[in-house]
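Q: One-letter residues, chain by chain:
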Amino acid sequence: MKKYVSLRIGNVISFLIDKKAFFLTFVFFLAAFFVILVSASVGEVMISPVQVFQTIFGIGDGTNELVIKQFRLPRILISLLVGMCLAVAGGILQNLVRNPLASPDIIGITGGASAAVVLFLMLFSDKNHSLTVSIHWMPLAAFIGAAVTGICVYLLSWKNGVTAIRLVLVGIGISFLTKALTTLLMIKGPIYQASQANIWITGSVYAANWSQVKILFPATIILLLITVVTVRTINIQSFGDEIAIGMGNRVQLTRFFLLFLGTALTAVAVAFGGGIGFVGLIAPHIARKLVGSSFGLMLPISAFVGALIVMLSDLLGKTIFLPHEIPAGVFTSAIGAPYFIYLLMKHRNI
Amino acid sequence: MSLSSNRKAILLFLSFLLLLFSMCASIVYGYTDTSWKMAWDAFFHFNGSNEHIIIQNVRLPRSVIASVVGACLALSGALMQAITKNPLASPSVFGINAGAGFFIVLAFSLFSVNSLQAFTWIAFAGAAFAAMLVYMISSLGSDGLTPVKLTLAGAAVAALFSSLTQGLLVLNEAALDQVLFWLAGSVQGRKMEVITAVLPYILIGLVICTIIASKLNVLVMGEEVAKSLGLKVGTVKFFAACAVIFFAGGAVAAAGPIAFIGVVVPHIAKYVAGNDYRWILPFCAVFGGILLVAADIGARFIVMPEEVPVGVMTAIIGTPFFVYIARKGVRAS
Numbered sequence: 001m002k003k004y005v006s007l008r009i010g011n012v013i014s015f016l017i018d019k020k021a022f023f024l025t026f027v028f029f030l031a032a033f034f035v036i037l038v039s040a041s042v043g044e045v046m047i048s049p050v051q052v053f054q055t056i057f058g059i060g061d062g063t064n065e066l067v068i069k070q071f072r073l074p075r076i077l078i079s080l081l082v083g084m085c086l087a088v089a090g091g092i093l094q095n096l097v098r099n100p101l102a103s104p105d106i107i108g109i110t111g112g113a114s115a116a117v118v119l120f121l122m123l124f125s126d127k128n129h130s131l132t133v134s135i136h137w138m139p140l141a142a143f144i145g146a147a148v149t150g151i152c153v154y155l156l157s158w159k160n161g162v163t164a165i166r167l168v169l170v171g172i173g174i175s176f177l178t179k180a181l182t183t184l185l186m187i188k189g190p191i192y193q194a195s196q197a198n199i200w201i202t203g204s205v206y207a208a209n210w211s212q213v214k215i216l217f218p219a220t221i222i223l224l225l226i227t228v229v230t231v232r233t234i235n236i237q238s239f240g241d242e243i244a245i246g247m248g249n250r251v252q253l254t255r256f257f258l259l260f261l262g263t264a265l266t267a268v269a270v271a272f273g274g275g276i277g278f279v280g281l282i283a284p285h286i287a288r289k290l291v292g293s294s295f296g297l298m299l300p301i302s303a304f305v306g307a308l309i310v311m312l313s314d315l316l317g318k319t320i321f322l323p324h325e326i327p328a329g330v331f332t333s334a335i336g337a338p339y340f341i342y343l344l345m346k347h348r349n350i
Numbered sequence: 001m002s003l004s005s006n007r008k009a010i011l012l013f014l015s016f017l018l019l020l021f022s023m024c025a026s027i028v029y030g031y032t033d034t035s036w037k038m039a040w041d042a043f044f045h046f047n048g049s050n051e052h053i054i055i056q057n058v059r060l061p062r063s064v065i066a067s068v069v070g071a072c073l074a075l076s077g078a079l080m081q082a083i084t085k086n087p088l089a090s091p092s093v094f095g096i097n098a099g100a101g102f103f104i105v106l107a108f109s110l111f112s113v114n115s116l117q118a119f120t121w122i123a124f125a126g127a128a129f130a131a132m133l134v135y136m137i138s139s140l141g142s143d144g145l146t147p148v149k150l151t152l153a154g155a156a157v158a159a160l161f162s163s164l165t166q167g168l169l170v171l172n173e174a175a176l177d178q179v180l181f182w183l184a185g186s187v188q189g190r191k192m193e194v195i196t197a198v199l200p201y202i203l204i205g206l207v208i209c210t211i212i213a214s215k216l217n218v219l220v221m222g223e224e225v226a227k228s229l230g231l232k233v234g235t236v237k238f239f240a241a242c243a244v245i246f247f248a249g250g251a252v253a254a255a256g257p258i259a260f261i262g263v264v265v266p267h268i269a270k271y272v273a274g275n276d277y278r279w280i281l282p283f284c285a286v287f288g289g290i291l292l293v294a295a296d297i298g299a300r301f302i303v304m305p306e307e308v309p310v311g312v313m314t315a316i317i318g319t320p321f322f323v324y325i326a327r328k329g330v331r332a333s
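Keeping their order, the protein sequence lines are chains A and B. Yeah, the first sequence ends on 350 if you go by the working numbering, and it's all consecutive. Yeah, the second sequence ends on 333 if you go by the working numbering, and it's all consecutive.
Hints in this document: simulated from the structure, not taken from any laboratory. None of the values given here were measured: they were computed from a predicted structure. One thing to keep in mind: the hints can contain errors.
[As the list claims (entries may be wrong)] When the alpha-carbon atoms are kept at most 25 Å apart in a straight line, the in silico SDA-like pairs for lysine to any residue are as follows: (1) B:K328 / A:K346; (2) A:K346 / B:L183; (3) A:K20 / A:S238; (4) A:K19 / A:I236; (5) A:K188 / B:K328; (6) A:K188 / B:F181; (7) A:K188 / B:P320; (8) B:K328 / A:R98; (9) B:K328 / A:Q252.
Next up, chain A with everything else stripped away, as it sits in the complex (with noise of 0.2 Å):
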């Protein structure tokens, strides 16, 4: 049997679609589908399956459309969204720098954005603790907050073009400087900002609506359209430097967009979910175990990866301990860890 099935039409288009890589996408697209199937119909309130898709369909009653269409879906779609984003970061940093250990953590992106929301939370509160402004501004200092550090290490890195160790060793040291800045504003403000900054910085969906599933939505796809366009760059940048310039790539200007793509899907990720750690680290491993490390073939695995890890995480925390809501950020790795730790058991001879 043949590994591939060429597919063309007429003289313009013409893919080899990789069968076992098509079977799994399409495998993981059903199992994120029944995800959000269960996570509608799961939480305080159950609601059938059925109803769930009556209600979507506009036929169910009034009180499961108001749980499900106000509270359950735009939560739904925010984990499933910042899930594919981080793990499409994630593939891109890890293939960008070459090393495994990259994740959009380590390099200093989402440290950033933690940063820059404990300092809003900081500037912007009153004695009582209250905010003075609008809690919706808080993506936005997050977007800031990473993009500002993507930057930083950009440019720190830079000396006659930038290379990918000293783009990685950068990245770790700005991102321990990010975190030592949290801890320090976290101990000089007041209790209950602490304890507010802790949760976003776990990483969390819980206060999603539909506003930001507007926001997050056409980001999103825009951002992974750009990515699915620029894949073969990012095989050429993982073969290193002399190669890369041997095909024709212009590497920096290459890694410099890299760079500027990874950050941009990391920040807006954190914008709505928070530090959701480990989905950007394991999501691409999973789907490299699965598929082999040819980008195009792993990036919509690792995405629906990410994004069955994120809602996943947000199922369990917000049922296991009911009433109690769990940062989704707390369960992602849980999630992930043991199934990346069984591939990596069964596939032994990587």
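Fit chain B to the supplied structure of chain A, relying on the hints for placement.
A: The following block gives chain B in isolation, referenced to the frame of chain A:
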């Protein structure tokens, strides 16, 4: 930068003097106002005054623990980077900090253990358990322990443990307050027994280090090269891993998880010492000690009268330096 052996020896000696000086400074400066003269008197003309007691019972252990822990963290980081061949590796990639943290929180939630002395042993056990788990998972399979498998297994296990810790803490909020000070990592308020308890392991680690230092030079050339040069790759890695467990386990047991030093100091040491592990390791030990002692002094002053976790200060002091080194040119292996 590559120096001749003589100049390296001189530099190492000077750094060692700097370490001693910062340890003394750590004994003298703090919230309670004391002078160098008073510190001298406390040891040689002890008169039972408050200041003297503080110097003998609080500041001295603190200074010794900080220097030993800093040295251990840096050494274990260097070994870890050598066996995983990953410049980002640190003892936490072995799951050491996460394992220790998990055991502490578990012991606290299930058996209400909360003495620092008990924490030392529990943390050591947790660190060793996590590291052995990582080692086992990554040595499965016919190709044995490859750097990539070790790194990935370590990252996954560490993630798993810290997630479990967070889960436990969410369930048991009382535990959070009690163990948070431990989880932040600090050398404050520890007694000398904390370090004497783990000292035997650290000494074994040092012995291993002196034996395998020259072999690490061969190992970092790559698996195949090392094998063809007659190096028993598996054995060297095994002993290096043991040393990592002893060092990092001892450090986390004595001071809780302190992240920064294990990643960063080895790079600084390599920048000074070149590629020879017989030089890198001693430089690591001394630099690690200096950084942690200095950070600990800074931690007392930055938000006086409170103290910040020492990990915060290590990052604030170390990062600018590290970024400078990274820009100057870090050796990739």
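Q: Compare the structure with each hint and give your call.
A: Status of the hints after comparison with the structure:
Of the pairs offered as hints, the one joining B:K328 and A:K346 is violated, with about 42 Å between alpha carbons and a cut-off of 25 Å exceeded. Only pairs whose Cα atoms come within 25 Å are accepted, and A:K346 paired with B:L183 is rejected, the gap being roughly 34 Å. Straight-line distance between C-alpha atoms of A:K20 and A:S238 comes to about 22 Å, which keeps the hinted pair within the 25 Å bound. Using a Cα cut-off of 25 Å, the hinted pair A:K19 and A:I236 holds, with the two alpha carbons roughly 23 Å apart.
Restraint check for A:K188 and B:K328: the C-alpha separation of about 35 Å exceeds 25 Å, so the hint is violated. At most 25 Å may separate the alpha-carbon atoms for a hinted pair to count; A:K188 and B:F181 meet this at roughly 16 Å. Between the alpha carbons of A:K188 and B:P320 the distance comes to roughly 22 Å, so the proposed pair stays at or under 25 Å and holds. Only pairs whose Cα atoms come within 25 Å are accepted, and B:K328 paired with A:R98 is accepted, the gap being roughly 20 Å.
For the given pair, B:K328 sits about 19 Å from A:Q252 by alpha-carbon distance, which is consistent with the 25 Å threshold.
Of the numbered hints listed earlier, those contradicted by the structure are 1, 2 and 5.
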